[in-house]
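There are 2 protein chains.
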Amino acid sequence: MSLEKGFVHVYTGNGKGKSTAAFGLAMRAKGAGLKVIIIQFLKGQKYSEHESFERLGIDYELYGTEKFIVGEPGEDVKKLCKEGLERAKRAFQEGYDVVILDEANVAVYLKAMELEDLIDVVKSKPEHVELVITGRYAPQELIELADLVTEMREVKHYYQKGIQARRGIEM
Amino acid sequence: MSLEKGFVHVYTGNGKGKSTAAFGLAMRAKGAGLKVIIIQFLKGQKYSEHESFERLGIDYELYGTEKFIVGEPGEDVKKLCKEGLERAKRAFQEGYDVVILDEANVAVYLKAMELEDLIDVVKSKPEHVELVITGRYAPQELIELADLVTEMREVKHYYQKGIQARRGIEM
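Chains as they are written, first to last, in the numbering used here: chain S, 1 to 171; chain B, 1 to 171.
Among the hints, erroneous ones may be present.
Put simply, identical chains are the same to the list, so a pair is met inside one copy or across any two.
In the BS3-like style, the derived pairs of lysine-lysine whose C-alpha atoms are separated by at most 25 Å in a straight line are [what the hints assert, rightly or not]:
| hint | residue 1 | residue 2 |
| --- | --- | --- |
| 1 | LYS156 | LYS123 |
| 2 | LYS156 | LYS5 |
| 3 | LYS125 | LYS156 |
| 4 | LYS78 | LYS125 |
| 5 | LYS5 | LYS46 |
| 6 | LYS67 | LYS79 |
| 7 | LYS123 | LYS35 |
| 8 | LYS67 | LYS82 |
| 9 | LYS46 | LYS35 |
It should be emphasised that the hints constitute simulated quantities derived from the structure, not laboratory data. Note that the structure is a prediction, hence the values are computed from the model and not measured.
Chain S with its partners taken away, still in its complex shape (with noise of 0.2 Å):
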């Protein structure tokens, strides 16, 4: 099966449940025999969720590396940023159904990807594919293009308790 008519989705906003939209979307996807591929921007280490893309058959790619960014992203992040960048338009070439560019709108916002080259992906998306970008700070240009824009709101939060991220929940 494939999609008649693809759309662009951004999950955006300060709360918590963006990125694990995206995911149970590629879940849901997969389920109905959908090509699925997340690439995962800034985020160089494994999380649980891995495991399951694994069992499911949906593809990943990191790119990202495993340190915390402070300040000015490094010419290291910048490069796999653009290189996650190349990979979607490659998908866009090899069958994929849905392509998931995760956090992307954070890698915007800390000046690791530039804007236009994420625009540019947008607008060489191929009809019949579901693009998904998630991350807080989505940028206003990119708003505009989207199809489907849903701000996660934050109304009440445990890490306001110093609670930390857990695995299996958060990671």
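Take the given structure of chain S and dock chain B to it, following the hints.
Just chain B now, with coordinates in the frame of chain S:
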């Protein structure tokens, strides 16, 4: 593995990604070796995601009819909702680490479920269980009890353009 401490999450709001985020969380939790059950209210039919739940070993049970609810829900719908909540309580005793009550907020809103019955389940959650409740119109009493509340706010949606739900993406 099991969680040291579990929390109560609520995903609500009029935007896309509430159930999907809960499913993504289920996938991550399962990837970490946690035991997960998704209890679905108001939904009676199979969707694409169920295929992936089965492949991953995520348990799910449907407590809904195939009919779309118009007006006051019938006794059959109310009975199923009650049974679903009873199932959640049993799941608490059966070693589940993550229990998801999908669309429970909507069930309360439609008066298919008693708010007190839902609150009773939340209050009987064992310490180590992560309880996730989805659906628009989350009742205020639930929001107050929850540890984490995210509102998915619709900024832009292609349904506004008259596009129907698509298999593999919305269902």
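Here is how each hint holds up against the structure:
1. LYS156 - LYS123: Answer is between; shortest inter-copy Cα gap is 18 Å, intra-copy 36 Å.
2. LYS156 - LYS5: Between. Shortest inter-copy distance 18 Å satisfies the 25 Å Cα cut-off; intra-copy 36 Å does not.
3. LYS125 - LYS156: Close across copies (19 Å), not inside one copy (36 Å); limit 25 Å.
4. LYS78 - LYS125: within (22 Å within a copy, 45 Å between copies)
5. LYS5 - LYS46: between (32 Å within a copy, 23 Å between copies)
6. LYS67 - LYS79: So LYS67 and LYS79 pass the 25 Å test inside one copy only (15 Å; across, 52 Å).
7. LYS123 - LYS35: Answer is within: at 20 Å inside a copy they meet the 25 Å cutoff, but 41 Å across does not.
8. LYS67 - LYS82: Within one copy only: 18 Å inside, 48 Å across.
9. LYS46 - LYS35: both (21 Å within a copy, 20 Å between copies)
Hint compliance for this structure: every hint is met.
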